[in-house]
Amino acid sequence: MDSRTWAVVLAAAVLRLSLSSLFPVLHSVLGQHVEVTTSMTSFKQLKEGLHLYEIGISPYDGGVYHQAPIFLLLFKFLGKFGSTAPNSLVINGLYIFADVLTSYFLCAISKSPSLANTDQLASWVIASIYLFNPLVITTNITRSTAVLSNAAMIGSIAYACYNRNLLSAMFLALASHMNIYTVYLVPPFLLLWTSRKGSGMASGAMYLLLYVALSAGLAAIGYFMTGSMQYLSATYGSLLFFEDLTPNMGLWWYFFMEMFDFFRPLFTYIFHLYSLIYVLPITFRLHNYPLIAITCIVGITTLSKSYPELGDLGVYVSLLTLSRFIFANVRYILVATLVIIHALVLAPSFYHLWIYLGSGNANFFYAITLVYTIGLTIIVTDTLRATLVIEFTGGKDPSKAVVQT
Amino acid sequence: MAIFHTLRRMLFGNRGTRESLVSLLPGFSVVLTLAGLAWLFVLPMQDQSRRTYISENALLPGQAHTYFHGSEEHIVRAFKAEIRLLKDTPDLERARTMQQWLSDIGYKSATHNWSISHYDDIKAGVNVYGVLHAPRGDTTESMILCAPWLTRNEVLNESGVAIAIALARYFTRWSIWSKDIILLIPSDPSFGLSKWVEDYHYTSMPVSSGSIQGGIVLDFPGESGTFEKLEIFYSGLNGHLPNLDLINTVMLICGHMGINVIVHNIDASDEDYKSRATTLVTGIAHQALSGLYGPGAGSEAFSGWRIDAVTLAATPSRNGYEPYDQMVYGRLVEASMRSINNLLEHFHQSFFFYLLLSPRRFVSIGTYLPSAMLIGASFTIKGIYHWMTSSSTKTDGMFDQAISAFWLFMSIVLFSVGMFSLSAWIPSSMLASEAFVVMAVTPILPIIIRLLIPPKPVSYIHKIQSYILISVGLFLTTLGTLNFSLSLMLGLMFAPLAHFLSPNTNTPTATLIGHLQRVIRKTISYIAVVASCPWLDIYLYYLIAVKESEFPHPLLSIQTVRDFIATTSGDEFSKFLGGMMWSWRALGVWSFVPVIFVVWFPFWLASCVVLSVRPLAEVDQSTTGDGQKPGVESSSSPTTDHKLNSKYFVQI
Chain A
1 MDSRTWAVVL
11 AAAVLRLSLS
21 SLFPVLHSVL
31 GQHVEVTTSM
41 TSFKQLKEGL
51 HLYEIGISPY
61 DGGVYHQAPI
71 FLLLFKFLGK
81 FGSTAPNSLV
91 INGLYIFADV
101 LTSYFLCAIS
111 KSPSLANTDQ
121 LASWVIASIY
131 LFNPLVITTN
141 ITRSTAVLSN
151 AAMIGSIAYA
161 CYNRNLLSAM
171 FLALASHMNI
181 YTVYLVPPFL
191 LLWTSRKGSG
201 MASGAMYLLL
211 YVALSAGLAA
221 IGYFMTGSMQ
231 YLSATYGSLL
241 FFEDLTPNMG
251 LWWYFFMEMF
261 DFFRPLFTYI
271 FHLYSLIYVL
281 PITFRLHNYP
291 LIAITCIVGI
301 TTLSKSYPEL
311 GDLGVYVSLL
321 TLSRFIFANV
331 RYILVATLVI
341 IHALVLAPSF
351 YHLWIYLGSG
361 NANFFYAITL
371 VYTIGLTIIV
381 TDTLRATLVI
391 EFTGGKDPSK
401 AVVQT
Chain B
406 MAIFHTLRRM
416 LFGNRGTRES
426 LVSLLPGFSV
436 VLTLAGLAWL
446 FVLPMQDQSR
456 RTYISENALL
466 PGQAHTYFHG
476 SEEHIVRAFK
486 AEIRLLKDTP
496 DLERARTMQQ
506 WLSDIGYKSA
516 THNWSISHYD
526 DIKAGVNVYG
536 VLHAPRGDTT
546 ESMILCAPWL
556 TRNEVLNESG
566 VAIAIALARY
576 FTRWSIWSKD
586 IILLIPSDPS
596 FGLSKWVEDY
606 HYTSMPVSSG
616 SIQGGIVLDF
626 PGESGTFEKL
636 EIFYSGLNGH
646 LPNLDLINTV
656 MLICGHMGIN
666 VIVHNIDASD
676 EDYKSRATTL
686 VTGIAHQALS
696 GLYGPGAGSE
706 AFSGWRIDAV
716 TLAATPSRNG
726 YEPYDQMVYG
736 RLVEASMRSI
746 NNLLEHFHQS
756 FFFYLLLSPR
766 RFVSIGTYLP
776 SAMLIGASFT
786 IKGIYHWMTS
796 SSTKTDGMFD
806 QAISAFWLFM
816 SIVLFSVGMF
826 SLSAWIPSSM
836 LASEAFVVMA
846 VTPILPIIIR
856 LLIPPKPVSY
866 IHKIQSYILI
876 SVGLFLTTLG
886 TLNFSLSLML
896 GLMFAPLAHF
906 LSPNTNTPTA
916 TLIGHLQRVI
926 RKTISYIAVV
936 ASCPWLDIYL
946 YYLIAVKESE
956 FPHPLLSIQT
966 VRDFIATTSG
976 DEFSKFLGGM
986 MWSWRALGVW
996 SFVPVIFVVW
1006 FPFWLASCVV
1016 LSVRPLAEVD
1026 QSTTGDGQKP
1036 GVESSSSPTT
1046 DHKLNSKYFV
1056 QI
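Read top to bottom, the protein sequences are chains A and B.
So that you can map any letter, position 287 of the first sequence is 287 in the working numbering, and since no number is skipped, the others follow by simple counting.
Each position in the second sequence, counted from 1, maps to that position plus 405 in the working numbering.
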């Protein structure tokens, strides 16, 4: 990282620190916004779980805490160094570190040997696109634990780019332990390892083995911490069966709120199938562009997961900037960006109309989440198309492809 | 295909498809603005609106017989006499006396001291209220009967308070109430009332009740006890309106009782296009500017708390014309309270977003929203046009340019936010001086900008303009869903900036016509920027709306205008600005003062930059940036353009 990147990192850290210490109310205000943090990542619920855990009650009793046990361990450990209040120094340090780490990993990906012959933005630009993204900053201020799981996810990608088998598997296991949807990245990762020259199959198998072993290890830690496997149903179970119907930016809540109970299993199945179904085709189709395959899967997950939040979009945008060369062929990015920005501004105002003023209703907010999803879908399909055009033209001169299509 | 090609050549000459489409955008944007404006005037047409109807069946308006007459009139008169005696007593003593009355008639009563201050500007008063616990309820729900001590015109609300207390006394005899009745007599209809509502929800009051479902505010000044017409005020703060069912209920009961009801002071008895259009436009102005200056009608203090309330303002009879008796007014309130009492759940069935065209006609959000949205969209389209224009030139470092333009734009916004904090922080008495300083700086602002900011490439200026317009579009669309009227008004105010402001160009002009065109364009740009200056517009609003009566209509000479400005710009203008700040500080009207500072002012300032910054002489570039035909003559092929543009789109 050069001096300019360090300056960006420093500025981002100072910005986060000053936002949370000068405006402590931001955390509680933004924390109430369902677009920014969900019950799967909420810091408030984490604190409740932590409290229950510390006084010796299982945090997974009572259906408040839905996050991985590893967070309890981490925050209990951090509690030894000071208060774990949302705006305390320790928590500030942890979240700033997580974001800086993510930006470091992003820069590392752009510098990795596998992307060496592609056109990449300067490190400081990549870092500032991530660190100064309002979505990322907001997510950070609300202390959503997605900040940590996203750091782990980007870390696993970065280490995969540098052929670091163990570290990549470790980060991936950690990320999928914190956020089960990261499992979707396992197929592209396996493909990435098996397509290595030389010992392809062996290193792929090794990677899978490491991943499974480390995940099992993390699961075991959870078991030993809480003394039972109850946490599985409280965390992954409640996510898979969509037990919490609080509104969010996703497509799920409205359907499941309206639905008769006997349809729930069918639609749970269909909704999960919808988010899962793209993983393998994209992995195989884009096997020459593993990073784009990963980016696409992250994008599709962002729009189809059960509890999406805006921080996911921030990560997706940052991942996109790493595949800069496809942007010579995108068509609707300006329109899609404007659609998403409009949706992001309208969503809180419709939520306000619905929940606080009582003059709007759920349809307002749901309509805007649909618009948001449309914008995101345009970006995902557009970048996918752009990649295929480049593949078709052999990646030689992308601008030619525009004329032909 | 051949036809298509011929058609395209006829329309656009030898340009690429992208250029052709981009060059259509400004025209499209103008069409959208005009369409939005035209839409507004389609609304009052006969077939565009609907007759109001009661949507919530539980309300049963006017179904119950009302008994507030006969001997009750003596009680009203007695209370009126007592109130007259209290007219000049100090606040606290008056409140104590009235609290005693409420206790005597069987209400749990209390006083509520309130004060809000900002430096030496202190507003304070004492509210009185009492609660009658419902014989058939469980104290979880209540409805409010409110008669401010002063009316919206700051005169004694003599009949209003007397009727309210007499009604409250009369209500104790009924066993039909399923919601608690709160009788509230605030010391004034704006700050005192809104402070009471705030404290009712946020603090623990000595006497309390459940969630307030609805409210009626009584506004009936004068001793006479008769009134000639009844006006209904319903506009809330920040564009919030009470549920249409409440208004309809009152209208229907009025119809049963034969009372002539008007809205927005427009007599719509002979309903025609003109009266509907005037009602619509006045309604829009009321909604956009409610709570800004002077005390409100009272009902708007309840907005934002999920309380639907209307003010029934009676105009006392003059010249012996006495069509309606005060007891009719009392029975109207009684019947309305009976209807609110009938509610099984909170008002929700009918519309929350509507515009009234007459007491009995309305347009709903689906019909009127396109108007503001079209105007909002026209800004976005024009912004996209400027963006496309600025990125169609072959310049290196486009990305840096976009970022640098963005930083300039952001720093202007931050500066305005700073101005806002400053204005909210300084004493109200200094606001006029601040406004004066700002107004004094405004004319020389273009010169300062010209000197301070070094020449920029034309595409840079286009970028700034596209940031402005896209942000305005985004803001107006969002505001349109919260406060349609304000969005519409601001949209029309910003419209000149979108359509008539063309940035400086460095096109070499040799011909006389070329120079002339340039001068004309420049002049129009100047006029557009001056016309949309927030300070100027606020001052004009002050002159026209607030000081209308003193406006020198008949003999308009320089002397009268000078006198007028001298008399209106001193203390009173300061009070006016102070009132605006108070509306934000105490009433929470975020939709005006913060909007001026955080949206209007920065956008206007950025437009000043667009207007006055010098364009950089770019020799190596083919000419672009001409307001109307950008990038068209650019020598670069569409393919490269496309590649260049799309490359940079994502990075912002």
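Accuracy of the hints is not assured; some may be wrong.
[As the list claims (entries may be wrong)] Heads up, simulated SDA-like pairs for lysine to any residue below, C-alpha to C-alpha not over 25 angstroms straight-line:
#1 LYS111/A / MET803/B
#2 LYS44/A / TYR607/B
#3 LYS927/B / ALA991/B
#4 LYS47/A / PHE242/A
Source of the hints: derived by calculation from the structure; they are not laboratory data.
Cross-check of the supplied hints:
no. : hint                : verdict
1   : LYS111/A / MET803/B : holds, 23 angstroms
2   : LYS44/A / TYR607/B  : holds, 23 angstroms
3   : LYS927/B / ALA991/B : violated, 43 angstroms
4   : LYS47/A / PHE242/A  : holds, 22 angstroms
Going through the hint list in order, the structure does not satisfy hint 3, though it satisfies all others.
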